[in-house]
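Asker: Residues per chain, in single letters:
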Amino acid sequence: MKTERIYIFKRFERFWHWSQALLIMTMGATGFEIHGTYSLFGYESAQELHTSAAWLLIGLWVFAIFWHFTTGEWKQYIPTGEKLVAMIRYYLTGIFTDAPHPFRQTTLSKHNPLQRLAYLFVKLIINPAIWVSGLLYLYYSDWSAFGLGWLDLALVAFVHTAAAFMMVAFFVVHVYFATAGHTPLSHIKAMITGYEEV
Amino acid sequence: MRTCSILPLRHLAVLMSALVMALVLATGGARATTDISEGSSTADHSKFKELKGPFATGPEVTRACLQCHTEASKQLHKTKHWNWDVVNPATGQKLGKKNIINNFCGSVVSNEPRCTSCHIGYGWKDAAFDFTSEENVDCLVCHDTTAKYRKFPAGAGHPAYEPMEWPAGSGRFIEPPDLAKVAQNVGPTSRRNCGTCHFLGGGGNAVKHGDLDLSLVEPGRYLDVHMSPDKLNFSCSKCHGGDAHAVQGSRYTPTAKDTTGIDIPGRTDGKRATCESCHGDEPHPATANVKLNDHTDRIACVTCHVPRFARGGFDTKMWWDWSTAGRLDENGKPLKIHDEKGREIYSGMKGDFAWDQHVIPEYRWFDGTVDYTLFGDTVDGSKVVPINKYGGDPDDPGSRIWPFKVMRGKQAYDVGNQTLAVVHTWGQDDTAYWRNYDWDKAVETGMASVGATYSGELGFVETEMAWPITHMVAPTEDAVTCEECHSRDGRMAGIEGIYMPGRDRTGWLDLLGWAAVVLSLIGVLGHGGMRFYAHTRRMQSNEN
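Note that the protein sequences, when read in sequence, are chains B and V. So for the first sequence, our numbering puts the first residue at 1; every next one is plus one. So for the second sequence, our numbering puts the first residue at 199; every next one is plus one.
It should be emphasised that the hints constitute simulated quantities derived from the structure, not laboratory data. Virtual Cβ for every residue (Gly too), placed ideally from N, Cα, C. Among the clues, some could well be false.
[What the hints assert, rightly or not] Below, computed lysine to any residue pairings styled on SDA-like, alpha-carbon distance capped at 25 Å:
no., chain 1, residue 1, chain 2, residue 2
1, B, K83, V, G721
2, V, K489, B, T26
3, V, K489, B, K10
4, B, K123, B, L49
5, B, K189, V, G721
[What the hints assert, rightly or not] Simulated coverage check for chain B against chain V, where a stretch passes if three residues somewhere in it have a Cβ under 8 Å from a Cβ of chain V:
no., stretch
6, 24 to 36
7, 44 to 58
8, 92 to 103
9, 150 to 162
With the rest of the complex left out, here is chain B (with noise of 0.2 Å):
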C-alpha cells in the first residue's frame, strides 16, 4: 500500500495535546501525593503544584474549547459504528498478523472509531468528574456561601479520586496505543510533527 504523508494535527492541536500530557501527568504525580499514596514533593508542594497545575489546565481547556467549536474540530469526537467492529478486530487479529489498517486518517476525520468512543469517554465522563470534583474541593472552605454546605467532602473526594483513577488507566492505554499506528512511531511522529503517514 502506499503510503503519503497528510497534514493533521494543527499547531494549536499539538500544542494542547502536550501541555495538557505535561499537566496531566503532574496533576497524577502531585494528585495520589496528596492522597497519600506516596511522599515525592512534600505535601505543601504537591498541593500547591496541583493546584497551579490545574488552573494552567483549566486555561488551556477554555482555549481548546473555544478551538474546538469555532474549528468544527468538535465533530471530530462524534462517535460512528462505521469501522468500529474492522477496528476491534484489528487489535484483537489483525495487528499481530500485519493486516493492513482498518482505518485511513483524513484531516476530516482524524481519529479511529474506538479513539472517537475512548477521547468522548474522557470529554463527557472523566473530564467533567474531575473538574467540578476538583473545584469542589479546592473551595471546600466557600461551600457554606455558594449554598452547597450539605456537601460531604468524602463524598467529592471520592469522586474525584474515582476520576483520577480512570485518567490513569486511560493514561496507560494511552500511550501505548500510540504506538498501534501504521507503524509503532507514525502516531507520535504525527502529533509531534503534524503529519501523519497514512
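Knowing the structure of chain B, use the given hints to seat chain V on it.
Answerer: Structure of chain V alone, referenced to chain B:
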C-alpha cells in the same frame, strides 16, 4: 541504689537549673521586660514621700499605694485574681481556683496557707479570709520591677518579714524583701511578674501548663515570637491586659473561635486575648499558600503555630500518681527519686511523676465550653475521669481543632461517696497528709472542709485534665507543616468527623482503582508483547 548511681548527674542538673534561675532573675531585674519603654511613665515612684517607708508588712505598702490609687483595690476585688471564684455563665458551674479540683496538687480548700502564696492578697489562710479588705490586696507581686519581691511559699500570700526557713528543716532561708525599695520601684506588669505564679503553677517551674514556664521571662524568638525581647518583647498584659485591672482571656470560658476579626477600638468588643484580635481571621499573606487561610475556620491558630509545648528547656509534668505517695526513707523523711536527667520521678510526699519537654500536643474539637468535674459530682472509679471536658463537635461551625496538654494521673477519690476526694495536704495539724502520711485522716479533714462526710473507703481513680496550649508561639518557619497532619498517622490521627486529604481514603476505591490501572498495564504489556513476538517471527520467516 538507683539514686546513688545517678547522684552526680542529679547535682549537675540542680546546679544548671539554679544557674538558669539566677540568670533569669538577674536579667529580669536588670532589664525592663515590659513593652512600655523606660521613661514613658509620668510618675517616678521613688520620689513619693508616701513610699519612703520603712514598711513592716505588705498591707502597710498597700495602704500607701491606696492613698493615690484610691480605687485600685476595689477594682481588684471584682477579679478572678482576687476571688478565685467565678461562675461560668454558659454552664452555671461555679469555677475558679477556690472551687475546682485538679489532678496536680488537688484543691485549694483546706490547704490555703500554702496554695494562697499565689493569691494576689495577704492573709488568706482559711475560709474566714475577708475578701472586702482593701489593704490585703498585694500590689507588689504584680508591679514589682526589682525581681526581689517574693511571697513566702507557705505564708498565705505574705512575703517573709524576717529570714524564714524553707523548706522547713532544710537549713535554707528566704530573706525578707526590702519593701520600701520594692514599693519605690513599682511599674507596669512584666512577664516575670505574672510568671511568679503562672510559670510556677502546680508546685514548681513548668509543672502545670506546659506552655508557661520560666523560659518565657527572657524567651528567644524561637520560643515565642511575641514575647521575645529580640523583637516585640510583649508583656503578658499586651494581650491579656484590660481596663480596671480586669485581665482578659480565661481558661474557664475561653474563646475557641473569634469571628470579630481585628479589634478596632470603638468598633469591636475590645477583647484582645485571641490571636484573631490582632491577626484577623485571614492572617496569612497573599504570598503564602492560599489554602492556609482556608484552615482558620476549623483550626485554631495555635494548632499549627505552637508545634510543641515545653520548648524552653524545662520539662513539664505529664503524669502524677498520688496512689504511690507515702514512702519514707530510713530517717522517716519522704523518699525522693530522680532519673538520670535529674528529674524528680518519685516523691514520698506526692507519688510518681513523669515529665517531658518538646511535647506534641493532643488535638481535640473545642467550642469554648468547658465542663468540670467538681466536688460532689459522681465519678465512676473504673473509668478515666475527665477533670474537665472540652465541648466541641466537627459538625458545629463554632468548633475548631485545638491543641491541648493533657495531664494524666491518679488521685484520691471517696469510693463510698463516689466523688473526687478533697485532700487536706498541707497544714500544721495532725491530719495534714504531709504531716503524717495518713490518707484517711487527710481526706476526712479535706472532705469536711467542703461540707462532705468521708465514707471511710478511699480509692485512687485515674483522671485527665486538658489544658489548652496558647503560648510559646513559634516563628513561621517552625509552624507545623502540612504533612504532619495530612498523613496517615499524623497529628490529626485521632480527630474524627472530617475528611482530611492525605489522611483519609475510601479503601475499596483505592483497591479497585489500582486494580484497574494494573490490569490496563498488564493488558497493554501483553498486547505489546504479542505484537513484538508476532513481528519477530514474521521477520525470521521472511529471512528464511
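Asker: All hints, please: hold or fail.
Answerer: Results of checking the hints against the structure:
{"no.": "1", "hint": "B:K83 - V:G721", "verdict": "23 Å, holds"}
{"no.": "2", "hint": "V:K489 - B:T26", "verdict": "19 Å, holds"}
{"no.": "3", "hint": "V:K489 - B:K10", "verdict": "38 Å, violated"}
{"no.": "4", "hint": "B:K123 - B:L49", "verdict": "23 Å, holds"}
{"no.": "5", "hint": "B:K189 - V:G721", "verdict": "24 Å, holds"}
{"no.": "6", "hint": "24 to 36", "verdict": "holds (count 3)"}
{"no.": "7", "hint": "44 to 58", "verdict": "holds (count 4)"}
{"no.": "8", "hint": "92 to 103", "verdict": "holds (count 4)"}
{"no.": "9", "hint": "150 to 162", "verdict": "holds (count 7)"}
When the structure is compared with the earlier hints, a violation turns up for hint 3 alone.
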